[in-house]
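Fit chain B to the supplied structure of chain A, relying on the hints for placement.
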Amino acid sequence: MRILKIEILKIFNKRRSYIGFVAVLAMVFLVFLAMYYEGQDLLGFLTQNLENTFVFHGNLINGNLFAYIVLKSLWVHFPILVVLVTGDLISGEEQAGTFRMVLIRPVSRFKLISAKFIAGLLYVSLLVLFMAIVSIVLGRVTFGNGDLLVLMQTVNIFPADDAMWRLVLAFLFGIVSMGTVAALSFFLSAVTGNSLTAILGTLAIVIVLTFVSAFNIPVLVIVKPFLFTTYMTSWQSFFYFEMNTAQIIFDLLVLLIHIIGFYLLTVLYFNRKDILS
Amino acid sequence: MKKSMKRILVFALLLLNGQLFSQVVDVMQLLDSSAQLLQNIESYSADILVKVDVDFIRMPDKKAHIEYRSPNHYKVESDGFLILPKMGMKPMLKQLDADKFHVVFNGEEAIDGANCVIVNLVPKERKSKVALSTFWIRKSDYRIVRVETFTKKSGSFLVDLYYKDELPLPSEMHFSFEVSGFNIPVRFIGKSIEMDKAKLKDDEVNAGKVIVTFSNYNIRFQN
Numbered sequence: 001m002r003i004l005k006i007e008i009l010k011i012f013n014k015r016r017s018y019i020g021f022v023a024v025l026a027m028v029f030l031v032f033l034a035m036y037y038e039g040q041d042l043l044g045f046l047t048q049n050l051e052n053t054f055v056f057h058g059n060l061i062n063g064n065l066f067a068y069i070v071l072k073s074l075w076v077h078f079p080i081l082v083v084l085v086t087g088d089l090i091s092g093e094e095q096a097g098t099f100r101m102v103l104i105r106p107v108s109r110f111k112l113i114s115a116k117f118i119a120g121l122l123y124v125s126l127l128v129l130f131m132a133i134v135s136i137v138l139g140r141v142t143f144g145n146g147d148l149l150v151l152m153q154t155v156n157i158f159p160a161d162d163a164m165w166r167l168v169l170a171f172l173f174g175i176v177s178m179g180t181v182a183a184l185s186f187f188l189s190a191v192t193g194n195s196l197t198a199i200l201g202t203l204a205i206v207i208v209l210t211f212v213s214a215f216n217i218p219v220l221v222i223v224k225p226f227l228f229t230t231y232m233t234s235w236q237s238f239f240y241f242e243m244n245t246a247q248i249i250f251d252l253l254v255l256l257i258h259i260i261g262f263y264l265l266t267v268l269y270f271n272r273k274d275i276l277s
Numbered sequence: 001m002k003k004s005m006k007r008i009l010v011f012a013l014l015l016l017n018g019q020l021f022s023q024v025v026d027v028m029q030l031l032d033s034s035a036q037l038l039q040n041i042e043s044y045s046a047d048i049l050v051k052v053d054v055d056f057i058r059m060p061d062k063k064a065h066i067e068y069r070s071p072n073h074y075k076v077e078s079d080g081f082l083i084l085p086k087m088g089m090k091p092m093l094k095q096l097d098a099d100k101f102h103v104v105f106n107g108e109e110a111i112d113g114a115n116c117v118i119v120n121l122v123p124k125e126r127k128s129k130v131a132l133s134t135f136w137i138r139k140s141d142y143r144i145v146r147v148e149t150f151t152k153k154s155g156s157f158l159v160d161l162y163y164k165d166e167l168p169l170p171s172e173m174h175f176s177f178e179v180s181g182f183n184i185p186v187r188f189i190g191k192s193i194e195m196d197k198a199k200l201k202d203d204e205v206n207a208g209k210v211i212v213t214f215s216n217y218n219i220r221f222q223n
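These protein sequences, in sequence, are chains A and B.
In this text, residue positions in the first sequence follow the working numbering: the first is 1, and each later residue adds one.
In this text, residue positions in the second sequence follow the working numbering: the first is 1, and each later residue adds one.
So here's chain A without its partners, still in its complex pose (with noise of 0.2 Å):
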């Protein structure tokens, strides 16, 4: 316990930990600009065609709405903001040199590795919540509540009581998805022994894999299931009218095994590395 204390402390005393929280602001604020100009002519073009029959009362213009395009983000920005800090956890110290003085210590490899590998994770969740509590307090207090409307095959349209709780489980859907990316950065910071490395070997992988994932390219179609980036998106799966509860586990599950798997190997390798720095 100690260990992990001494670990979230390197964490938050480290000014790079502190970007991911500053880029979430912006983007945010970003995001609620645009909204703020945009959101009515957006709405207008999604609902143009049918303006003409219907009219239509209530506002969707919305604290949810806007939860929900901040909550998209996810996809795409996070990542990078993720792997700066989980990237830097082990190769950070070994290029430091701090490691040997610290396992000469009588404190085993695999409680250091672990400490900072719940850490690391603490630390993206707490990124993921800093964002979906700016997200939906801002969106609340500028633009109320009211129903969600989200574009998927069809266009779904959301109570605001139920839209909340499906925000809401995105939003921890997102933190398991970030702490895969994290737990990926993490062994590469093992193996590669150097920062730079992991941040953009993580991120070189993400976005690859996202591709392979996000479009259906005949030839890769095959290897789509077998791709921890298929299931990072799935907290899009809150959102289908009727949800497949049993989908979502399965890809919570299947991101949780990557956790867990990128994690043992970092302590298998971690544990047999010669430190000579």
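There are no misleading hints in this set.
Straight line, CA to CA, 25 Å or less: simulated SDA-like cross-link-like pairs of lysine to any residue:
#: 1; chain 1: B; residue 1: Lys51; chain 2: A; residue 2: Asn156
#: 2; chain 1: B; residue 1: Lys209; chain 2: A; residue 2: Tyr240
#: 3; chain 1: B; residue 1: Lys63; chain 2: A; residue 2: Ile61
#: 4; chain 1: B; residue 1: Lys153; chain 2: A; residue 2: Glu51
#: 5; chain 1: B; residue 1: Lys63; chain 2: A; residue 2: Arg166
#: 6; chain 1: B; residue 1: Lys51; chain 2: A; residue 2: Ala160
#: 7; chain 1: B; residue 1: Lys51; chain 2: A; residue 2: Met164
#: 8; chain 1: B; residue 1: Lys75; chain 2: A; residue 2: Gln40
#: 9; chain 1: B; residue 1: Lys63; chain 2: A; residue 2: Met164
#: 10; chain 1: B; residue 1: Lys86; chain 2: A; residue 2: Asn156
#: 11; chain 1: B; residue 1: Lys75; chain 2: A; residue 2: Val55
#: 12; chain 1: B; residue 1: Lys63; chain 2: A; residue 2: Phe56
#: 13; chain 1: B; residue 1: Lys153; chain 2: A; residue 2: His57
#: 14; chain 1: B; residue 1: Lys127; chain 2: B; residue 2: Thr151
#: 15; chain 1: B; residue 1: Lys63; chain 2: A; residue 2: Glu51
#: 16; chain 1: B; residue 1: Lys209; chain 2: A; residue 2: Val55
#: 17; chain 1: B; residue 1: Lys75; chain 2: A; residue 2: Gly44
#: 18; chain 1: B; residue 1: Lys153; chain 2: A; residue 2: Phe56
#: 19; chain 1: B; residue 1: Lys63; chain 2: A; residue 2: Asn156
#: 20; chain 1: B; residue 1: Lys51; chain 2: A; residue 2: Phe241
Just so you know, the hints here were simulated from the structure itself, not pulled from any lab data.
Below, chain B alone, put in the same frame as chain A:
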């Protein structure tokens, strides 16, 4: 021979003209009586339940409260987002103004066992959004039981009206319509990015239905 043929022809034309004339008068009276039923209403309020049955829209049934006060005050209160057909009771009142339309009798038809007169209304104004409206008016009580409207830009829609008790306003309205061009060819908001080539052509027609059920009517009639 020629003279007698001419006489028969003139007689036949006169007969036909007389029959047509009497039908126009009947239709105008029917329209007037039907309009009178609605125009006697000074104000009304009701609770409504809106059920949207459209392929591309998924939403739960919605409750709302509506208020109408003659001639133009119309208010809808609902907790959340609500989709309502534009062709409500208010536009129908407008359409029943025979001065603004060419009225054409189009036969009779039984709907749910009740004999109805079919009346076509063609707007006199060339800029009107509506190209043609057809009303089915029940002969026994002058109530409108069906309206089909063809618009110039928004396709066509059909409204079936169902009545309970002696109220002049419907207890249920079934609004069937077709909308073309509501497509999302690139599912950029879905789980993956998929291009639907068929939808890119943008000529698909989507059919749908909105059912509005009215309850707790509070109607005030003009003195």
